[in-house]
Amino acid sequence: MPGDLLLTPFIAGVLVTMVLALAGAGLFLRGSVWQALALGQWAAVGGVLASVLHWPVLPVALLLGGGIMVLLQRSRDRERLPLAVFLAGLAAVTLLAANFAQASLAAAAWAEGQLYFAGPNELWAAIGLGLLTVLMVPVLLRVWLHAQIAPDVPAASRPAVWQHLGEIVWLVAAIVLGSMVLGLPAALATLLLPAWGAAWLARNLTGLVLWTQGIALTGFLVAWTISLPLDQPFAPVLVLVNVMLALGARLAAMLR
Amino acid sequence: MPPEPVPPILHTQSALLGFDRPVIGPLSLEIPAGARWALTGPNGVGKSLLLKAITGQARVHGGRFELAPRTHPSLLAQDHARPQPWPLSGHDWLRAMGASVPEHEGVRALLDRRLDRLSGGQWQLLRLAAVLTSRGEDSSAQRLILLDEPANHLDAEVRADAVELIKAVPAETTLLITSHDDDFLQALGLEKHPLAEYLDAG
Chain C
1 MPGDLLLTPF
11 IAGVLVTMVL
21 ALAGAGLFLR
31 GSVWQALALG
41 QWAAVGGVLA
51 SVLHWPVLPV
61 ALLLGGGIMV
71 LLQRSRDRER
81 LPLAVFLAGL
91 AAVTLLAANF
101 AQASLAAAAW
111 AEGQLYFAGP
121 NELWAAIGLG
131 LLTVLMVPVL
141 LRVWLHAQIA
151 PDVPAASRPA
161 VWQHLGEIVW
171 LVAAIVLGSM
181 VLGLPAALAT
191 LLLPAWGAAW
201 LARNLTGLVL
211 WTQGIALTGF
221 LVAWTISLPL
231 DQPFAPVLVL
241 VNVMLALGAR
251 LAAMLR
Chain D
1 MPPEPVPPIL
11 HTQSALLGFD
21 RPVIGPLSLE
31 IPAGARWALT
41 GPNGVGKSLL
51 LKAITGQARV
61 HGGRFELAPR
71 THPSLLAQDH
81 ARPQPWPLSG
91 HDWLRAMGAS
101 VPEHEGVRAL
111 LDRRLDRLSG
121 GQWQLLRLAA
131 VLTSRGEDSS
141 AQRLILLDEP
151 ANHLDAEVRA
161 DAVELIKAVP
171 AETTLLITSH
181 DDDFLQALGL
191 EKHPLAEYLD
201 AG
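Going down the list, the sequences are from chains C and D. Reminder that position 204 of the first sequence reads as 204 in my numbering, one-by-one numbering, no gaps. Reminder that position 75 of the second sequence reads as 75 in my numbering, one-by-one numbering, no gaps.
Chain C extracted, bound-state conformation (with noise of 0.2 Å):
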């Protein structure tokens, strides 16, 4: 594939990684790793869906994914239920797969990622959101260190309803855009891995954040870079590579 053309999903996959290393630092501040695996494996399932009734698929996707963090926000259980609606988001994707021929195709395209094929609509979307990112970091900064407090009360009132809800539309734009841009599992492994690594070197919510972009962003070139020469799937290169920084942070952190 010339150069050029690789050009968009570079940037394409350099913005949604960056929104997503984001997201996964304030699902770690929150806990709610098992709720990204669902949220993520149901965006999945609209995708799939879609292909089989012909529908645009970011719309579908997105629609799935809001409706079950509405279910998940609904419960205050953050481990049982987040992780049976994810095995039942995976029976799903295995059932329409099994019974559609553009499921299956669609099934395969979501896990392994199509970063090498993501197009103009994809990476003007990723510059729309990684634009609404900026615009949120106070609001999304602010709801998250509130998320912090309890059982203790201050006297300051707590973030507005407006901020709660603009977060959830956020984190669920970002899973969605970023599991059809890199595939679920590198998705989920940029969401998870840099926050997981970055939290044993931060010395605070600033240091969360930076180290975490720094991991994600690496841990994208890295598999870029081998990725490509080497003619492997970008996804599963990803998920090693990002797996190896973490583990790297918390040495460091143990050597320190």
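For the record, the hints were derived by calculation from the structure and aren't laboratory data. Among the hints, a few may not be true.
From chain C, some residues computed to sit far from chain D (all C-beta separations above 10 Å) [unchecked claim]: (1) Met18; (2) Val60; (3) Leu63; (4) Ser104; (5) Ile149; (6) Trp162; (7) Leu251.
Reference listing, derived: stretches of chain D covered by chain C, where coverage requires no fewer than 3 residues with Cβ under 8 Å from a Cβ of chain C [as the list claims (entries may be wrong)]: (8) 16-22; (9) 58-66; (10) 94-101.
So the derived list for chain C, only partly shown, Cβ under 10 Å to chain D, looks like this [as the list claims (entries may be wrong)]: (11) Gly31; (12) Arg142; (13) Thr206.
We put the beta carbon where it would ideally sit given N, CA and C, even for glycine.
Guided by the hints, dock chain D onto chain C, whose structure is given.
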């Protein structure tokens, strides 16, 4: 003309408090604005539950339970478990609580450190300082500070600091403390109010 009496910051009449169902009550008491009360009593009498009802974390199932208008309560809960790892600093904690940076040197020394690397006593002192200086946007609102067993986890190193911080609370602020630690309450010089005396009193 005699001055108008100051309305109480909390007035309850035959109140039933609990979570899914009533646990204590009927409870009838009046806490004057600006009071410094130590609520005492054995475990299970409902001291913590009363504080949670004030902050809205517990429910009022019956009777009257009236907090003065424009009252901003803040609560130091009995315990606050820290996740591991927890990459937040003391400054982050003050920001989360909407608290100002205290002048107390012992607290300031904790602000650049990670919360998961503080000792139990240092963590309790930082939380206490944050609750005491947490403020809402409305600067004219009445302050009600609720401290649930603030002497928990305080080792000798920070105990005197905690007493100093609590004693420095402005006079117009209402302070309600639960504690089993008589020495701590004595050091603070608070009025003791056994909660049992206000139960079944309506």
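We went through each hint and held it up to the structure:
1. Every Cβ of chain D is farther than 10 Å from the Cβ of C/Met18; the closest lies at roughly 19 Å, confirming the non-interface assignment.
2. No beta-carbon of chain D is positioned within 10 Å of the beta-carbon of C/Val60; the least distance is around 36 Å.
3. For C/Leu63, the requirement that its beta carbon stay farther than 10 Å from each beta carbon of chain D is met, with the minimum near 33 Å.
4. No beta-carbon of chain D comes within 10 Å of the beta-carbon of C/Ser104; the shortest separation is about 41 Å.
5. A cut-off of 10 Å between C-beta atoms contradicts the statement that C/Ile149 is not in contact with chain D; the least separation is 5 Å.
6. Its beta-carbon lying about 17 Å from the closest one in chain D, C/Trp162 satisfies the requirement of being farther than 10 Å from that chain.
7. Every CB of chain D lies more than 10 Å from the CB of C/Leu251, the least distance being 14 Å, so the non-interface label holds.
8. For the segment 16-22 of chain D, the assignment as covered by chain C is violated, since 0 residues bring a beta-carbon within under 8 Å of that chain's beta-carbons and 3 are needed.
9. With a cut-off of 8 Å between beta carbons, the segment 58-66 of chain D has 0 residues touching chain C; three or more are needed, and the interface restraint is violated.
10. With 5 residues bearing a CB less than 8 Å from a CB of chain C, the segment 94-101 of chain D meets the requirement of three and the coverage assertion stands.
11. About 7 Å separates the beta-carbon of C/Gly31 from the nearest beta-carbon of chain D, less than 10 Å, and the hint is met.
12. Taking 10 Å as the C-beta contact cut-off toward chain D, the hint placing C/Arg142 at the interface holds, the least distance being around 9 Å.
13. The criterion of a C-beta within 10 Å of any C-beta in chain D is met by C/Thr206, whose closest approach is roughly 8 Å, and the hint holds.
When held up to the earlier numbered hints, the structure conflicts with 5, 8 and 9 and fits the remainder.
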